[in-house]
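Trainee: The lines below spell out each chain.
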Amino acid sequence: MTNIIARIKEEKPLVHHITNYVTTNESANVTLYWGGLPVMAHFKEEVAAMVESAAALVLNIGVLDDEQVEAMIRAGKKANQLEIPVILDPVGAGATDIRTDVAKELMSELDLAVIKGNQGEITVLSGGKAEMSGVESIGEYSKIEQDALNLAQQQDVVVVVSGAEDIVTDGQEVKRINRGHPLMGQVVGTGCMLSSTLGVFCGVEKDYLAASIAAVTAYGIAGEKASQEAERPASYKIALQDNISMVNDDDLIDL
Amino acid sequence: MTNIIARIKEEKPLVHHITNYVTTNESANVTLYWGGLPVMAHFKEEVAAMVESAAALVLNIGVLDDEQVEAMIRAGKKANQLEIPVILDPVGAGATDIRTDVAKELMSELDLAVIKGNQGEITVLSGGKAEMSGVESIGEYSKIEQDALNLAQQQDVVVVVSGAEDIVTDGQEVKRINRGHPLMGQVVGTGCMLSSTLGVFCGVEKDYLAASIAAVTAYGIAGEKASQEAERPASYKIALQDNISMVNDDDLIDL
Amino acid sequence: MTNIIARIKEEKPLVHHITNYVTTNESANVTLYWGGLPVMAHFKEEVAAMVESAAALVLNIGVLDDEQVEAMIRAGKKANQLEIPVILDPVGAGATDIRTDVAKELMSELDLAVIKGNQGEITVLSGGKAEMSGVESIGEYSKIEQDALNLAQQQDVVVVVSGAEDIVTDGQEVKRINRGHPLMGQVVGTGCMLSSTLGVFCGVEKDYLAASIAAVTAYGIAGEKASQEAERPASYKIALQDNISMVNDDDLIDL
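Chains as they are written, first to last, in full-length UniProt numbering: chain A, 1 to 255; chain B, 1 to 255; chain C, 1 to 255.
No lab work stands behind these hints: they were computed from the structure. Glycine included, every Cβ here is placed at the ideal spot set by N, Cα and C. It cannot be assumed that every hint is accurate.
[Unchecked claim] Examples of chain C residues lying across from chain B (beta carbon under 8 Å, computed):
1) 25
2) 28
3) 107
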């Protein structure tokens, strides 16, 4: 994993997103800034054809829609058939029953590579109860590591829990990552940008646990560097994106 | 009202938006920067469940859609039942008949807390004629104060007219507010961001007239501060959003 | 053409967009920064009414949708009837069959003023074969000038090919434009912003070849100026947009 960012810049993995319209511009730009190529396509008649040329598929349920679930399943099944990794961001699972149900349907229909959520989302999907305020996780989750392990084992998937401390697990190994900066929590879409980052990294590295650890770490490093340039949230978002384009393999040398 | 911003930061009101995809990222970020929590959800099967946990509901018809009106009515009726304030931004009323009709349908079906529009939109909804260029109000509105008063009385609602000078009225009291900066008119979405701001402020203060006056003033102050940092529009938008996160109750001491 | 930017700022052309939700905010802001007024409206019941007051119509298929094609055809036919110029951005033609088909359907149903695409898109629409990665053109296109000429002649339209060197042709005259900066290729949406720019310029100048040459040049100049202010992509995007608001007719004196 000493050269994963170089490989991204070399291979330019195409990351097909089916995602929400709140943060789709950020997701696309972040994909590009890492060195990948983004494509956002959700029309159900098109998604299977589009995913054929992709290196990864990111499914984000941030704004549910009538047609979206079917498009996600079609794209996901094609990705599974072609062994293209599928990353699920179950935004707001636990906030409404329908979001929880949709996330579970996607988990049941598709063979996922990575599930990335906040503490509330991961807890709900592992079978626990969570406290959500809209799509934000609130409350305390003392069993979050166990919940993440359970979900990873149940689904045979890498689970990434985003929070002040991030957790990455494949159901066996557990890695806690203390990178990033509190300002990341004060900008809309930093969770979605992390999902895109996971798509880019898994698009070049088939060891999804290693790819996810590298992705979470690299993203956190960009967040730290940005905090040296900006203290207020809108400027910070720009600085975060700028720094994403600057992280390199030397920054990941300790992994 | 001497502590409304402190209350926002303490209570973190969840503001449910059903809004357009042009400025939804700005609306979400501005909600967060004031201290609220944004949630954008427009799927008609979900909106009633989502609004249950909200402190305010913002309906913005900036990009009309097949399904949107029904989702807005479902969410609005649930909000009315739970006494959650509903803010309407009738973007482009007067520009096409269908927008005028949709705005009137929402006014007729729902019990609104605040209607926020530009001079053309408010004039049209009060029963007058307006000149619009797309969703922009053009032309002169010499009777705008009377129109705002009429609309507020007809609908038993707080009316906010945005413009070089903003007007806030509950149909009895009229407040004219001379804050803000001309650069706010040179950035797409400053009207939508004001609607989100009204959602945040009304989410913690049940006196919607006072909350709206505070919201319009605070937003204008952020606009003024931003003008000291940036002179060109894209930079100005970042500075405006940054300054929104910095306005505090001391800035509102004269209200 | 020595005063086209002054005319834009004087006439404030309303540019109606039916476009994707990835870059719609950028498209709207760029329209405003040049001096036009943007309106984004895609509801099929509304588009014909909205286009009536427009000076130009921009159709961008960046994110295909069930309802979008019908809305584009309705708006386009009304625009044709009123002699309002229609600009087509066939995003991703060649990437999936459905995108190629939709682009061809729009070319066949509508009388277009300008088609703007990358090398792969223009090659495909002229009848050749292209290599696309998602919506990005990859590969070499040695016959691109001939393909652009062919497409312009077949469709009786101005063709703009964006790339390191831009090509503008009406099927007779060919203009190669070496402006802009490589950083423009590292930001999502610079192609969409160029389409909006073409909408603004064609909204005030009925000689669409001259208007397109001015638009491409002016946009490239903004890109060059921005590169003196920012080296990283997210900052560069802000600088690009800022500089769009600053380009004036003196910058175009050599045209």
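Trainee: Could you run down the list of hints and mark each one as holding or not?
Mentor: Now the hints, each set against the structure:
Restraint check, residue 25 of chain C versus chain B: the minimum CB separation of about 6 Å is within 8 Å; hint holds. Because the closest C-beta pair between residue 28 of chain C and chain B is about 4 Å apart, less than 8 Å, the hint holds. A cut of 8 Å between beta carbons decides the hint on residue 107 of chain C: the least distance to chain B is about 26 Å, and the hint is violated.
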